[in-house]
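Counting from 1, one number per residue, gives the positions in the sequence shown under the working numbering.
FYI, nobody ran anything at the bench for these hints, they're computed from the structure. Please note that a few of the clues may not be correct.
[As the list claims (entries may be wrong)] Distance ranges between label pairs, derived from CB positions:
hint: 1; residue 1: D51; residue 2: G189; range: 20 to 30 Å
hint: 2; residue 1: N7; residue 2: S362; range: 18 to 28 Å
hint: 3; residue 1: N7; residue 2: T83; range: 45 to 55 Å
hint: 4; residue 1: R185; residue 2: P66; range: 12 to 22 Å
hint: 5; residue 1: T184; residue 2: G67; range: 30 to 40 Å
hint: 6; residue 1: G333; residue 2: E197; range: 44 to 54 Å
hint: 7; residue 1: D51; residue 2: R347; range: 41 to 51 Å
Keep in mind the model is a prediction, meaning the values are calculated, not measured. Backbone N, C-alpha and C fix where the C-beta goes; we use that ideal spot for every residue, glycine too.
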Amino acid sequence: MPETPRNRTAARLQPFTSTIFAEMTALAVSHDAINLGQGFPDSDGPVSMLDTARQAIADGLNQYPPGPGMPVLRQAVAADRLTRYGLDHDPDSEVLITVGATEAISAAILGLVEPGEEVVLIEPYYDSYAASVALAGAVRRSVPLARSGTEFVVDLDALRAAITPKTKMLVVNTPHNPTGTVFTREEIGAIAEIACEHDLLVLTDEVYEHLVFDGRTHTPLATLPGMYERTVSVSSAAKTFSVTGWKIGWACGPAELVTAVRTAKQYLSFVGGGPFQPAIAHALTYEQQWVKGLRNRLQAKRDVLYDALAGAGFDVLTGGGTYYLCADITAIGEHDGIDFCRTLPERIGVASVPVSVFTDQSQPWNTLVRFAFCKQDHVLEEAGRRLRTLGAS
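Please model the complete structure; the sequences and the hints are all you need to start from.
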């Protein structure tokens with residue numbers, strides 16, 4: 001009889017051996033379900049961007065790009081942030097191209113946080129944050145968002161209480177995954193005051209910066225007084241231009257912080273995405289109108305999914321941005337989000353993800369489920385039809 005294999009994974013990484021996205025995607029495939037669990041679109045980005053990538057491949061840009069990223073892309077990122085936010089980055093020393101935002105986040109934590117220092121997360125949080133803290137040998141502390149009617153707000157009192165003398169970094173994600181919350185300027189201002197008061201570094205995940213709805217606006221923390229010099233701002237092309245598989249991200253900030261991020265990053269992937277970098281530079285420069293159209297299309301898709309979930313009896317929370325809506329399953333007689341999501345693909349042919357897996361204190365989040373609406377209209381309409389059958393399943 002074969003022996004059960006030993007778990008040889010380092011103890012600090014054992015909680016992260018699998019992801020909820022892999023599990024729910026496998027269930028979706030197994031049951032031929034519509035996958036509203038993982039946040040990737042099922043349509044392509046602007047044609048001119050795709051053509052630029054094809055031309056770059058044909059022109060032989062298929063070897064290692066420069067370590068910090070191609071100058072054309074670093075310049076485009078800097079120009080974009082100057083135009084939209086008034087942030088003046090030196091593209092040579094204050095912009096770093098990474099293999100997606102996930103690598104930028106990991107490299108920032110690895111490069112700036114010492115083992116034993118504390119990193120404060122706002123939960124629910126994107127799952128890579130906790131793994132990155134563990135990789136750095138740091139200590140994770142989390143502060144939950146608070147529900148206010150059909151929205152979530154930052155619990156500023158809880159955030160203040162979480163700061164200790166060992167706290168080194170605060171991670172802020174807005175527009176927020178998984179809840180779709182867009183932090184208000186007042187909330188961002190209060191977070192900035194806390195960071196300045198305690199001399200904290202701040203890592204901002206802004207990958208959904210363009211995808212805000214209903215007249216809301218995204219306020220980068222780095223634009224507030226006292227914040228530029230202590231903030232690493234991370235974003236990417238994945239959600240902005242519907243190319244999640246290209247894995248082109250960036251980190252921006254003062255040179256001394258970006259140097260630390262680059263020091264860690266160069267030993268993770270070294271470089272990546274050579275022919276895609278000029279394509280993203282092209283898109284940042286010439287396809288902003290396409291991005292506005294994407295935002296409008298996604299807002300309409302959000303409304304389609306909202307109506308479907310409400311029609312199925314869910315208690316649906318307002319989605320101010322991103323790809324996602326969250327819904328409380330208590331209203332349809334369910335009480336365990338993980339069990340609900342594991343059985344939903346077989347029950348009605350739709351996959352989703354439980355929000356509790358993105359938290360440290362799971363109990364308050366057990367009945368909240370996340371659905372992605374970044375899908376073609378006919379897919380969302382069919383998903384809505386299936387969701388409305390829940391009462392009969």
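Hint check results:
no., hint, verdict
1, D51 / G189: 20 to 30 Å, "violated, 42 Å"
2, N7 / S362: 18 to 28 Å, "holds, 23 Å"
3, N7 / T83: 45 to 55 Å, "holds, 50 Å"
4, R185 / P66: 12 to 22 Å, "violated, 36 Å"
5, T184 / G67: 30 to 40 Å, "holds, 38 Å"
6, G333 / E197: 44 to 54 Å, "holds, 46 Å"
7, D51 / R347: 41 to 51 Å, "holds, 43 Å"
The structure shown violates the earlier hints numbered 1, 4.
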